[in-house]
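Residue numbers (our numbering), protein chains in the order written: chain E, 89 to 177; chain X, 89 to 177.
It is worth saying that the hints were derived from the structure and are not from the lab. Please read all numbers here as calculations on a predicted model, not as lab measurements. Hints may contain errors.
Which copy? The list can't say, so a pair holds if one copy fits it or any two copies do.
[What the hints assert, rightly or not] Capping the alpha-carbon separation at 30 angstroms, the derived lysine-lysine pairs in DSBU-like fashion look like this:
#1 122 <-> 110
#2 122 <-> 90
#3 90 <-> 128
#4 128 <-> 98
#5 128 <-> 110
Protein chains: 2
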Amino acid sequence: MKVRVLVRLKPGIMDVQGAAVKRALAGLGFSELKDLRVGKVIDVDVADATPQEARTRVGEMCRQLLANPILEDYTIETVDDLAPREAGR
Amino acid sequence: MKVRVLVRLKPGIMDVQGAAVKRALAGLGFSELKDLRVGKVIDVDVADATPQEARTRVGEMCRQLLANPILEDYTIETVDDLAPREAGR
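So here's chain E without its partners, still in its complex pose (with noise of 0.2 angstroms):
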């Protein structure tokens, strides 16, 4: 089962990486960028046999080490929600 985790920092949090690009993409000639956050996406294959399970034990893998509560919010999203719209692109 493939899940993919979306790690983000928090609404309040200075993304300074993201402010970089932002104003690297603006250099380039960019100006209709409004705003510009970089996060990490982590791509796992997990031998869970039920989207559900996966879930769960991929959320306990977040609060464990992938996110740091502190500063970042996650999303998890399995194949299931992803697959027919991707292969429609």
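With chain E fixed as given, assemble chain X onto it according to the hints.
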């Protein structure tokens, strides 16, 4: 228009960070982990009117700055792709 960019190492490229995280999780008892890879998510808000325009401009950003074409692949997802699914969660 909000656009999400996922930047990941190409399949053949060794993911040192992912391997380290995978080993750390195995040490915490997550033995069901088959594979784990770490990439970047870049959340961009651009002033373009249509999803198609936004996708084109963000594609240019990826080619010029956001992704290293030697090592990395990128995927662009517009909020149109994502919103109904996120609302359903």
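These are the hints, each one checked on the structure:
1. 122 <-> 110: Answer is within; shortest intra-copy Cα gap is 9 angstroms, inter-copy 35 angstroms.
2. 122 <-> 90: between (32 angstroms within a copy, 10 angstroms between copies)
3. 90 <-> 128: both (16 angstroms within a copy, 17 angstroms between copies)
4. 128 <-> 98: both (13 angstroms within a copy, 16 angstroms between copies)
5. 128 <-> 110: both (17 angstroms within a copy, 15 angstroms between copies)
Taken one by one, the earlier hints all hold for this structure without exception.
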